[in-house]
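Chemist: So the sequences go chain by chain: R and W. If you're matching positions, the first sequence starts at 1 in the numbering used here and goes up one per residue. If you're matching positions, the second sequence starts at 1 in the numbering used here and goes up one per residue.
The set of hints was computed from the structure by calculation and includes no laboratory data. The structure displayed is predicted, hence computed values, not measured ones. Treat the hints with caution; some may be incorrect.
Computed spacing ranges between beta-carbons, pair by pair [said to hold, decoys possible]:
(1) R:R111 to W:G320: 28 to 38 angstroms
(2) W:K334 to R:G42: 28 to 38 angstroms
(3) R:A130 to W:E378: 52 to 62 angstroms
(4) R:T136 to W:D350: 27 to 37 angstroms
(5) R:D135 to W:S188: 44 to 54 angstroms
(6) R:S64 to W:A357: 39 to 49 angstroms
(7) W:D176 to R:G42: 55 to 65 angstroms
(8) W:Q377 to R:R111: 10 to 20 angstroms
(9) R:W237 to W:D415: 23 to 33 angstroms
(10) W:I359 to R:K79: 27 to 37 angstroms
(11) R:T136 to W:N237: 21 to 31 angstroms
(12) R:N41 to W:D274: 45 to 55 angstroms
(13) W:P364 to R:D180: 25 to 35 angstroms
Beta carbons: idealized from backbone N, C-alpha and C, even for Gly.
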Amino acid sequence: MSTDALLSVADLTASVDEKTILHGVNLQVAAGETHVIMGPNGAGKSTMGHVIMGDPVYTVNSGSIIFDGADITELSCDKRSRAGLFLSFQAPVEIPGVPLSSFLRASIAGRPGLEMRGKEFRRRVKELAAQLDMDTAYLNRELGVGFSGGEKKKVEMLQLLLLQPKLAILDETDSGLDVDALSVVSRGMDAYRSTCDGSLVIITHNTRILEHLDVDRVHVMVSGRIVREDDASLIPWIDEHGFESFEREADETADAC
Amino acid sequence: MDALKIKQASAMPAPTWGWLRMNDTAIEIPAGLERARAVTIEADEDLTETHASFEGAVEKLQERLDAVRADAPDTRACVRAAEREQELLDDLDTPALSAYQLAATREEIAGDVAHAFETGIGIDARSYLNFLAGGTVVLATEEGACEQAIVRVAGTSGHMAGAAVDVVAAKGSTLDVVISLDGVADSSRAAGLIGSELRVFAGEGARVNVTVYITADDVFTVLDDAGYVLDEGARVNVRHVVLGGAHTYTGLASDLRGDTARMEIDTRYLAAGDDTRDFNYIIRHRGRRTFSNMDANGVLTGTSKKVLRGTIDLIHGCKGAEGSERETVLLANKGVDNKTVPVILCDEDDVAGNHGATIGHVRPEQLFYLGCRGLSQEQAEALFTAAKLEDAALSAPDEQIRANVIRLGSALIEDFADFEEEIA
Numbered sequence: 001m002s003t004d005a006l007l008s009v010a011d012l013t014a015s016v017d018e019k020t021i022l023h024g025v026n027l028q029v030a031a032g033e034t035h036v037i038m039g040p041n042g043a044g045k046s047t048m049g050h051v052i053m054g055d056p057v058y059t060v061n062s063g064s065i066i067f068d069g070a071d072i073t074e075l076s077c078d079k080r081s082r083a084g085l086f087l088s089f090q091a092p093v094e095i096p097g098v099p100l101s102s103f104l105r106a107s108i109a110g111r112p113g114l115e116m117r118g119k120e121f122r123r124r125v126k127e128l129a130a131q132l133d134m135d136t137a138y139l140n141r142e143l144g145v146g147f148s149g150g151e152k153k154k155v156e157m158l159q160l161l162l163l164q165p166k167l168a169i170l171d172e173t174d175s176g177l178d179v180d181a182l183s184v185v186s187r188g189m190d191a192y193r194s195t196c197d198g199s200l201v202i203i204t205h206n207t208r209i210l211e212h213l214d215v216d217r218v219h220v221m222v223s224g225r226i227v228r229e230d231d232a233s234l235i236p237w238i239d240e241h242g243f244e245s246f247e248r249e250a251d252e253t254a255d256a257c
Numbered sequence: 001m002d003a004l005k006i007k008q009a010s011a012m013p014a015p016t017w018g019w020l021r022m023n024d025t026a027i028e029i030p031a032g033l034e035r036a037r038a039v040t041i042e043a044d045e046d047l048t049e050t051h052a053s054f055e056g057a058v059e060k061l062q063e064r065l066d067a068v069r070a071d072a073p074d075t076r077a078c079v080r081a082a083e084r085e086q087e088l089l090d091d092l093d094t095p096a097l098s099a100y101q102l103a104a105t106r107e108e109i110a111g112d113v114a115h116a117f118e119t120g121i122g123i124d125a126r127s128y129l130n131f132l133a134g135g136t137v138v139l140a141t142e143e144g145a146c147e148q149a150i151v152r153v154a155g156t157s158g159h160m161a162g163a164a165v166d167v168v169a170a171k172g173s174t175l176d177v178v179i180s181l182d183g184v185a186d187s188s189r190a191a192g193l194i195g196s197e198l199r200v201f202a203g204e205g206a207r208v209n210v211t212v213y214i215t216a217d218d219v220f221t222v223l224d225d226a227g228y229v230l231d232e233g234a235r236v237n238v239r240h241v242v243l244g245g246a247h248t249y250t251g252l253a254s255d256l257r258g259d260t261a262r263m264e265i266d267t268r269y270l271a272a273g274d275d276t277r278d279f280n281y282i283i284r285h286r287g288r289r290t291f292s293n294m295d296a297n298g299v300l301t302g303t304s305k306k307v308l309r310g311t312i313d314l315i316h317g318c319k320g321a322e323g324s325e326r327e328t329v330l331l332a333n334k335g336v337d338n339k340t341v342p343v344i345l346c347d348e349d350d351v352a353g354n355h356g357a358t359i360g361h362v363r364p365e366q367l368f369y370l371g372c373r374g375l376s377q378e379q380a381e382a383l384f385t386a387a388k389l390e391d392a393a394l395s396a397p398d399e400q401i402r403a404n405v406i407r408l409g410s411a412l413i414e415d416f417a418d419f420e421e422e423i424a
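Whenever a hint applies, use it, and build me the whole structure from the sequences.
Modeler: Shown next, in the form of structure tokens:
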């Protein structure tokens, strides 16, 4: 394990309903780095994001998650969030009855350095909304209710910029977005990197969203295992060849076992 | 004053199983309360200086209804059953009636508007609130006029106070009435009681909008009792916002007597700690093509309890009428107790009655999402409470009521006052 890693996942095995999804996964992300996790559908990429964030649906069978020098393997998700972890959802949930502005205010409450009072909060949120081409009328609407896919992802980006986490996991934030919305999400990621200098773990199928980012490491996941790690040069290779060779290798390894 | 209990309050017209314990409620009046004068009414003089009366308006309506009443005999079996003096063995075509059916049929035969008048909590609460008020204020509009009035009841610990208001909206007039039932507990945290008794006559084509805000602290018992009579083409919109009070009782009964009368009720409620909320709505459709809609939306937290009874009664003769009721309630804590009793009674063809309820706990994926943004279970619960209070503050009818909501919110949630600064 690298001593300067911000996030260190070691030999992580996790399951749901007694079915093992992640098999001894290792991942190290240093402060300020951008990592990409790629892989075919059903490879376990989203599960890994959720397990790192502490989704109680999953059981951690073995391994550990160290974040910012502390073992968070047993911590609840709210404590992981307050420690500086962030997960952007592939399909953000709707919460009827709760206006977006109330939710945002609650999410920053009690966070040292982020607490803002009344008008200052409103001003800050409006600034971020403008940065993301987001209509401020959404602030008074119920969280996620009636939002388009693009608007939901913009709200995720707005939270990323408001909460300024040390490390953000973006779970297919680019999926289902048109070109304009994709550009707004890219802008959000750029703003996060430039203003917070935080670490990013991007889970994606789509290499397009990575075009404007300086990627440090790429991890390929197949069948719940990281099967390949390399630098950013792997991205154009995958763009050209897909995941077939990795899947074939994984199958052969499984057969050999 | 000694402790008093109002029994069989807010009773459903047609009871269900007794063991479910929701047919009615008992209201305990705290002992030792002193009567206080704590009611203010803000209204133009032309609204309060009037010779009109609720009884007079009902009498005139009765005269008109009697004049157009069909003379043809009603040969329905239920009418024969209600009118016969004794049951005869050889009369097998006439059915036996339950006590409810008998009373309902006799009331229908009589067609007496004044006799049929009712309020949601019931006659005992009405008498008690009239006694508390000491006198009734009449707010009456002139034909075609447009007016507004605010009634404020400001309770204090150790005291009881109530308002009794009659509203008579003349033909084609518009009247907005706001009732604020607020109570501030002092350091003794002694119990208190506040309430309002409202009778509304909405004349032909009149439009009446009633908004009731309950923002009392958690030592108060609150009674909000109302009865409505709607003439032809009248439209009444009621908004009940129940946020505070240890024990609140909201009752509304409406007689849609005139053809095409419309009644819409929008109820928003919040119950925290060990608060109890009791609602009883009774809408009687008597006129043809009448319309009613009840929409309730609430949040229950802590170990609070709530009962909502909603009865739509489609009475014989209300052809083309349509009544709907719907409730959405969020149970933000496993310790809450929620009862929802939608009832549709029907004795007419060619009518529509709809009801629906969405009752849900916060789903695990919602809790995980909130957790991912740093909110614990307790903070998530506080968020649902804050959201309800903020919505009520933003839509408060005036600054004073908004301030009441902010005061109540600050007592329930840390830093709620920040919201005030944000919207100021």
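Chemist: If a hint holds in the structure, say so; if it doesn't, say that too.
Modeler: Structure-based check of each hint:
1. R:R111 to W:G320: 28 to 38 angstroms: The hint (28 to 38 angstroms, Cβ to Cβ) is violated, given that R111 (chain R) and G320 (chain W) are roughly 58 angstroms apart.
2. W:K334 to R:G42: 28 to 38 angstroms: 34 angstroms, holds
3. R:A130 to W:E378: 52 to 62 angstroms: At roughly 33 angstroms between Cβ atoms, E378 (chain W) and A130 (chain R) fall outside 52 to 62 angstroms, so the hint is violated.
4. R:T136 to W:D350: 27 to 37 angstroms: 48 angstroms, violated
5. R:D135 to W:S188: 44 to 54 angstroms: 50 angstroms, holds
6. R:S64 to W:A357: 39 to 49 angstroms: 46 angstroms, holds
7. W:D176 to R:G42: 55 to 65 angstroms: 59 angstroms, holds
8. W:Q377 to R:R111: 10 to 20 angstroms: For R111 (chain R) against Q377 (chain W), whose Cβ atoms are near 18 angstroms apart, the range 10 to 20 angstroms holds.
9. R:W237 to W:D415: 23 to 33 angstroms: At 51 angstroms between Cβs, range violated.
10. W:I359 to R:K79: 27 to 37 angstroms: 31 angstroms, holds
11. R:T136 to W:N237: 21 to 31 angstroms: 29 angstroms, holds
12. R:N41 to W:D274: 45 to 55 angstroms: Holds, at about 49 angstroms.
13. W:P364 to R:D180: 25 to 35 angstroms: 34 angstroms, holds
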